[in-house]
Amino acid sequence: MRQLHRFLPFSIGALLLLSACDKPPNSANAANKLVVTGSSTVAPLLSEIAKRYEANHAGVRIDVQTGGSSRGIADARQGVAQIGMVSRSLKSTENDLQAFMIAKDGIAVILHEQNPVAKLSNQQIVEIYTKQITNWQQLGGRDAPITVVHKAAGRSTLELFVSHFKLKPTAVKPDVIIGDNEQGIKTVAGNPNAIGYVSIGTAEYSVKHQVPVKLIPLDGVAASIANVQNGKFPLARSLNLVTKSAPQGFQKEFIDFARSKEVRDLVQAQYFVPVQP
Amino acid sequence: MFKRNTLCRYSLEVGFIYGLRLLTAIAAVVVLFIVGFLIVEAWPVLRQIAVSRFLRDQSWHPVSGQYNLLPMIIGTSSVTFGAMLLAVPFGLASGIFCQYYAPDWLARIYRRLIELLAGIPSVVYGFWGLVVLVPLIGQVHPPGPSLLAGILILALMIMPTIALITDSSLATVPARYLWGAQALGLSRWGIVRGVALPAARSGILAGIVLALGRAIGETMAVLMVCGNVVQVPDSLFAPVRTLTANMALEMAYATDLHRSALFVSGLVLMGCIGVLVFVADQVGRYG
Chain Z
1 MRQLHRFLPF SIGALLLLSA CDKPPNSANA ANKLVVTGSS TVAPLLSEIA
51 KRYEANHAGV RIDVQTGGSS RGIADARQGV AQIGMVSRSL KSTENDLQAF
101 MIAKDGIAVI LHEQNPVAKL SNQQIVEIYT KQITNWQQLG GRDAPITVVH
151 KAAGRSTLEL FVSHFKLKPT AVKPDVIIGD NEQGIKTVAG NPNAIGYVSI
201 GTAEYSVKHQ VPVKLIPLDG VAASIANVQN GKFPLARSLN LVTKSAPQGF
251 QKEFIDFARS KEVRDLVQAQ YFVPVQP
Chain F
1 MFKRNTLCRY SLEVGFIYGL RLLTAIAAVV VLFIVGFLIV EAWPVLRQIA
51 VSRFLRDQSW HPVSGQYNLL PMIIGTSSVT FGAMLLAVPF GLASGIFCQY
101 YAPDWLARIY RRLIELLAGI PSVVYGFWGL VVLVPLIGQV HPPGPSLLAG
151 ILILALMIMP TIALITDSSL ATVPARYLWG AQALGLSRWG IVRGVALPAA
201 RSGILAGIVL ALGRAIGETM AVLMVCGNVV QVPDSLFAPV RTLTANMALE
251 MAYATDLHRS ALFVSGLVLM GCIGVLVFVA DQVGRYG
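Keeping their order, the protein sequence lines are chains Z and F.
The working numbering puts the first residue of the first sequence at 1, with every later residue one more than the last.
The working numbering puts the first residue of the second sequence at 1, with every later residue one more than the last.
Calculated from the structure, these hints are not laboratory results.
Treat the hints loosely; a few may be bogus.
Just so you have them, the derived chain F footprint on chain Z, three or more residues with Cβ under 8 Å [as the list claims (entries may be wrong)]: (1) 144-156; (2) 171-183; (3) 191-197.
Built from N, CA and C at the ideal position, the CB exists for glycine as well.
Bound conformation, chain F alone (with noise of 0.2 Å):
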């Protein structure tokens, strides 16, 4: 009987195994599909120009042959990067308060609350971003559509990812780590700080590197509020257009070179993308 049974679970096992070996090689050969979509279709344009002139050409017109994608790439990193600046230390702050400081009742409530905030759909962000924000950012500094714009509501739509997914790590800290640290006489913030951050480090890694790439990648309510002017923008009032933007702008209207143009701003985002993963991997494993 015994016997039996265990043979039975070994060979269940077995099977979910295999099973979950077949689902991941999906998963890989899909990836790898994507990526090999986006070269093929890249390719008539790699071919024809050299790969500098997309860093070199004087501006963004691919329909009279000028590829500039530097501008785009400068959008999407200074997007990016002013989102994460605001949104990481709410996003931690939230979690930690409504793992460590808030009371029972006011955790759970604040707690479905950011869930709430982590479902709205990005068109809705950006459709009130378009509505509210922007004339408000207007009446400061016109035209209104601006980087300062695009980097507020990012910022808004990847809070949420980091300040629950903190909160998962943080409630993932064995209890007794806290206890220990209770009776070596620490205070709630040198707990926190000391014993209950380092321990859930690369959870909280895996949400900000998460949020990272909801950020980079995030195209509606960019495109809504950012103003998609190709420029290197000068200052947080300028519009500026990001490689996601750009790809949903013209994608549907592009011909030939031009359509194989926005494949290349695909690649370089993939690659960025990329890049960031390996990056953020390496911070986890030996920062």
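The shape of chain Z in the complex, shown without the other chains (with noise of 0.2 Å):
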């Protein structure tokens, strides 16, 4: 809505032009709305996951809005959301708050198929990014120069990555600047000298369609969807509902919803991983 807001004139201006537009839909009753606010990541899961809760639901309005997870956390406190929406698991200064998770995510390291390295420990991820090693000779493979793939600013991928890694963000020396998963399997497909990281989903997505990336192990463990699922992944993050009191009627039936089976084909089409196997 806060964006909302900001485009307001120029709604003004598109009124002024479309005289003859409907009226909006007859503005259900508190009872029957959800405010859902914050992260990026959740909520084009959570738009769907509402639009599924409010064909079942007759005269049921769920209103979900981006802003990060801070705000999710922030409107959740301060009861302007009933619901909000975190990409990460709670800080300890948050545990006032309950949370449900609805999915998990991990992040894998990529190369191209035909890279011959196989194997790189956390040390020479961290080099890499910080461009100490820039050839793959110096990891036992070709004589090519690395391509250093990185996220740009302000993507929670990349501030899992960095902090998993413990890297400076200023420190790291991208070659390329992507913007959403795709784009990274893309450019890493198109170059075989090239490193990347990805939401593990995508990733295996596109390897089991024949794209020419591989995903790399971290700390010994394969990188999977499985491996998310068990907890044995490293670089993993759980995708959360938080409310400020424990949920209770609709808002209860809501989140149970969304952490049920019947969300799962959903949750799989973005490319996380279901809480319920």
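Starting from the two chains in their separate frames, assemble the complex, guided by the hints.
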């Protein structure tokens, strides 16, 4: 809604132009309306879940707005939103809130399929990303310069990656900066000497569809959805819904629905790991 | 009868003019809203830090409080300039060919083809660039995503605009000019250069400005092929980030001052386009 407010001037202009536009649907009364705000990673998934829930429950409105995990926390605390979305575990300073995991996500380091290097230690990954190692030959590969693929600032995938490897964001020296996971996959698939990191589900899906990339194990654990699921994979995070107090009634019903098997296909379609196998 | 008819037409005309004025006013108000909105959004960061820091900071790390926009301004200008350098001659040549050299049937097919090119969404160009062009460049000189890739993709995107507008501007040159020139015994190229091009100049210039605007504002394709590393490119093969790519990459994830700084890059972009339109206007009028 905050974003919407910013566009209000335009909306007025648009209204002037479109005098014949539809009346808004009768706004549902407060009891049948949920406002959910927060993480932009969770929002697309939750919008899908909300759509399905609305389709099953006539007269119910669920309003999903993004703005980042920190907004999810703040809005849930202040009661601006009944539910907040947070794409990480709650910190110790946030245990006044209740968290309900709706899915898991992991991050995999990927190389081109033809790259002879099969595994990298954490130290080596750090040195690649800080340009202390610049040629695959130094890692037992071909004599070719390493193309370092990095995420754009502010992405939670990047935050998780740099904190896992204890990298300083300003110390990373990338050759390519990408936006979403798909672009990361395409970039690595098109360059035999590239290294990148993306959401594990996206990477696994690509490998299954003959995209020439491979996933590198971390700390000796194979990067796979299964290992995220069983908690062995070190670079994983949970996607959570948070509430101020124990959820009740309609709010509880929706959270239960978002965690149920009924939405498993939606979770998988977004390349996340469902909580219920 | 006659009287009533003219009266009727007159009142219709007045209504039409007022309608036009209203629509123009709405368009103007929307533009003002956009500028106002950009300024309002950019204000928090402009109030807190000196404007010179947008040109003098060490780098662009808005999360750590560094806001240098200069590499991205240079990135935008170099990609745009390179693309224009390629697209203008090809576009002009293509328009002239279509109008004065190609046989009718070929011109018709060729025109359809160019129209098709002009209609392809930018994300498709970007995707093609990412999976075909970038790996090719990478084989010559790694990493691949680079200034060169951006220039080539953009040139391909704006060339049809220039070609089509040149073509249609040339088509409006009165035939008697050409007959007159022919009667004076000028060669075909002489007629094109000496009569047709000067007569169609303002239309062609408008086309070039339109293409320039598209090149500066293009986001998706550039985002996909340029590499987006914030740096002043030292060669054609170095990755660059443009102002538009900067906003597209970071807007969804930015908060507070970072977000505000992105609106400053929007303002800068708006300023660049404003200056260009002004210059083009002056060139069109007096050049």
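So, going through the hints one by one against the coordinates:
1. For the segment 144-156 of chain Z, the stated coverage by chain F is satisfied: 8 residues place a CB nearer than 8 Å to a CB of that chain, which reaches the threshold of 3.
2. Counting residues of the segment 171-183 of chain Z whose C-beta lies closer than 8 Å to any C-beta of chain F gives 7; at least three are required, and the coverage claim holds.
3. Residues of the segment 191-197 of chain Z lying with their CB closer than 8 Å to a CB of chain F number 3, which satisfies the three-residue condition for coverage.
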